[in-house]
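Peer 1: For this one, chain A is given, so just place chains B and C on it according to the hints.
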Amino acid sequence: MTSDMTMNIVLLFAMTVSALWAVMARSLLKGTIGLALTSAIITILMFRLNAPLAAVFELSVCAGLITVIFVSAISLTKPLTHKEIECAARDRMKRFIYLPVIIVIAAVVLYYLRIPNYFAKAIMGDTAIDVRTILWGIRHFDIFGQIALMIAGALGVVILFKEANK
Amino acid sequence: MTQSAWQLFSIFGFFTVMLFIAGAYCILATRGLIRTIIGIELLIKAATLLVMAAGYASGRIALAQSIVITIIVIEVVFVVIAGGISLSIFRHNNDLDVRRLQKLKG
Amino acid sequence: MHNLLIIVPICGIFILNIFLKPFRTILAFCFAAVIFISQIIISLFYASPFSLDALSSVVLLCIGIVSLASLLVTQHTVPDETKKFRFINLLITASIGMSGIVMVKDIFSMYVFLEVTAISSFILIAFDKNVEALEGSFKYMMLSAIATVLMLSAVALFLLGSVDMSFDAIQKSLFQSNNALTTLAVTLFMCGLFIKGGLVPFHGWVPDAYMTAPASASVLLAGIVTKVSGIYTLIRVTTAIFGFSDIVKNILLAIGAVSILVGAFAALGQTDFKRMLAYSSISQVGYIIIGLGTGSALGIAGAVFHLFNHAIFKSLLFVNSAAVEKGTGTNDMQRMGGISSKMPVTGFTSVVGILSVCGIPPLSGFWSKIIIIVALWQAGRYPYAVIAILASVLTLAYLLSMQRRVFFGKLKDGLDGLKEAGWGFMIASSLLAVITIGVGIFSPYILSNLILPIKEIFIK
Chain A
15 MTSDMTMNIV LLFAMTVSAL WAVMARSLLK GTIGLALTSA IITILMFRLN
65 APLAAVFELS VCAGLITVIF VSAISLTKPL THKEIECAAR DRMKRFIYLP
115 VIIVIAAVVL YYLRIPNYFA KAIMGDTAID VRTILWGIRH FDIFGQIALM
165 IAGALGVVIL FKEANK
Chain B
103 MTQSAWQLFS IFGFFTVMLF IAGAYCILAT RGLIRTIIGI ELLIKAATLL
153 VMAAGYASGR IALAQSIVIT IIVIEVVFVV IAGGISLSIF RHNNDLDVRR
203 LQKLKG
Chain C
61 MHNLLIIVPI CGIFILNIFL KPFRTILAFC FAAVIFISQI IISLFYASPF
111 SLDALSSVVL LCIGIVSLAS LLVTQHTVPD ETKKFRFINL LITASIGMSG
161 IVMVKDIFSM YVFLEVTAIS SFILIAFDKN VEALEGSFKY MMLSAIATVL
211 MLSAVALFLL GSVDMSFDAI QKSLFQSNNA LTTLAVTLFM CGLFIKGGLV
261 PFHGWVPDAY MTAPASASVL LAGIVTKVSG IYTLIRVTTA IFGFSDIVKN
311 ILLAIGAVSI LVGAFAALGQ TDFKRMLAYS SISQVGYIII GLGTGSALGI
361 AGAVFHLFNH AIFKSLLFVN SAAVEKGTGT NDMQRMGGIS SKMPVTGFTS
411 VVGILSVCGI PPLSGFWSKI IIIVALWQAG RYPYAVIAIL ASVLTLAYLL
461 SMQRRVFFGK LKDGLDGLKE AGWGFMIASS LLAVITIGVG IFSPYILSNL
511 ILPIKEIFIK
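Protein chains in written order, with the working numbering: chain A, 15 to 180; chain B, 103 to 208; chain C, 61 to 520.
There are no misleading hints in this set.
With a Cα cut of at most 27 Å, we get these calculated DSS-like pairs of lysine-lysine: (1) C:Lys402 <-> C:Lys479; (2) A:Lys44 <-> A:Lys108; (3) A:Lys176 <-> C:Lys143; (4) A:Lys108 <-> C:Lys199; (5) A:Lys97 <-> A:Lys108; (6) C:Lys402 <-> C:Lys472; (7) C:Lys515 <-> C:Lys232; (8) C:Lys386 <-> C:Lys189; (9) C:Lys144 <-> A:Lys176; (10) A:Lys44 <-> A:Lys97; (11) C:Lys144 <-> C:Lys189; (12) A:Lys176 <-> C:Lys199; (13) C:Lys309 <-> C:Lys165; (14) A:Lys176 <-> C:Lys189; (15) C:Lys144 <-> C:Lys479; (16) A:Lys44 <-> C:Lys199; (17) C:Lys81 <-> C:Lys189; (18) C:Lys470 <-> C:Lys402; (19) A:Lys176 <-> C:Lys81; (20) C:Lys386 <-> A:Lys176; (21) C:Lys479 <-> C:Lys386; (22) C:Lys165 <-> C:Lys515; (23) C:Lys189 <-> C:Lys199; (24) C:Lys81 <-> C:Lys144; (25) C:Lys309 <-> C:Lys515; (26) C:Lys165 <-> A:Lys135; (27) C:Lys81 <-> C:Lys143; (28) C:Lys189 <-> C:Lys143; (29) A:Lys135 <-> C:Lys232.
Honestly, the hints are just simulated from the structure, not real lab data.
The shape of chain A in the complex, shown without the other chains (with noise of 0.2 Å):
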């Protein structure tokens, strides 16, 4: 195994720990911090499979905005009491403790599966190919949807995010 796989694997194991984190975290906030974590881990992920382009874009939206929005959405919520995040870790810890159980019992199931390489005779594709052809050119009717599909998430801010005057 080389090296450049094992730095691979190291980081795909901090991932799954962060998401873990994210996941069984006391407050919201380490949550959501432990999210931005597995993304900007993801991040680097995604430049070591050459796609320099994804990453960035992984980094900036999912590690950056997304953070950002859950954190405020968070914050324009109301706060527990003391006493009510300790009643609440405890509740937690018992419906949570189960989940690294499941993982590493996951884990071994499918590391002892093997999947055999069902695609050895695929077609390669072509790696010289730039990102921008495929997106501008081939894939332009994708961009539409994406125009769409802000329209409607900027209508969605101001109909939801608007306080209703009771």
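Peer 2: Using the frame of chain A, we list chains B and C on its own:
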């Protein structure tokens, strides 16, 4: 696809499955709306990483990148709307507990 | 050329939102009406440059008609001018999404437009921001996100073997390498579509979303959104990519039959008007799926014909429920009665809709159901044919009891001042009723010109 590319994909796939399990467990076991959205986020991230790894392994990085960029845009809009809806629910219930969402049954 | 149906509405929304301030609500209404009507005309008379094949143009026609009906209902149910403007904008984005789904031949573009449609409908459901609607929307959102993730994982697995994401390339790659991973990918993708279409093991969100949505949004949602984003896509991917192996056929038949029965039995016990219609919708979608599950050209033609008819008569019933809700202020059937004497148009058109749903001979629903049953019989699937016939009786039972409780009988106290809800409702419901009757009477003509060309996609 060469054997080494397949090995790389299977390692990425292995950890992606772990991420899927974490996200799914989060959605099933949590009682908070925001935490549910975090679970969904983890699932989408896992899918994104899987697309990227598959693209790398089969030599279609450009295609995979353009797909991933589109997914990320969609993901952001989704999270914004989900956040807006849970915020509106909070304004009504003064609570983010899923157990309060029991008005619709059957 | 086919981009025009996407680009023109997008540009229109930009112009409406940025440059025009005075009269923008009325302008938005006119613009949306023009778009939907031109979509109807295009899909009837000038379809070839815009759609892939006969299946696409039939579904484009449905999208135009139901969106127009929903727009007409919006005219009365959303009173505030600014809100109405935003609502119409969202209707246009939803219809952009649906037209996109129908026009693409690429699995990832299909996913993008599915997401456009889904996000527009989340916002449409939550539009009034009352608690129930927000909860219904959140539920729909979570299940839809899970469907998204399933489909994306399938896309990743398809990427391993196929040259690009177009239907042809994926079909070729599936043909070349048939193994455990590709089977997994097909299963994941189909599960995602089952969730989107609200079929029975995954139907939890359907009644809540339909019931709590604002009236005109539920017309759009029940009439066309789930049909396009779940059922059209299913028909398309099974015919163009996955093919009809025995396993696929059996899964489709089983899920369709279970949907028919569960939907019909659940509808029997409902007291809420819209909730009953939602369960009835699940049951009717089951018919489309068993038609698809026969795997024969006739069965698919019947399935698409039923999709068309169902879009028309179910939106007719939802338009009527919206009119009743507007008049009486409630959806609870126990507080209604004798409405027909005060709202004759609504009462009459709803009789037409109900008889068509049950498959009473001269109306449209009869023809599509009989085609599906004949196809099932020809394919040797006798138990399913029997289920389809018996469930029709069940449908008749719950819908007639609904009709009796709501429209016939003695007028309930407090409903004396009731009158027809407005011109928009009357136009929408008469239009849809005329289509239902017309399709029924001229069904030989419609069949040979619109529906039977769909067989081409199967032979190819």
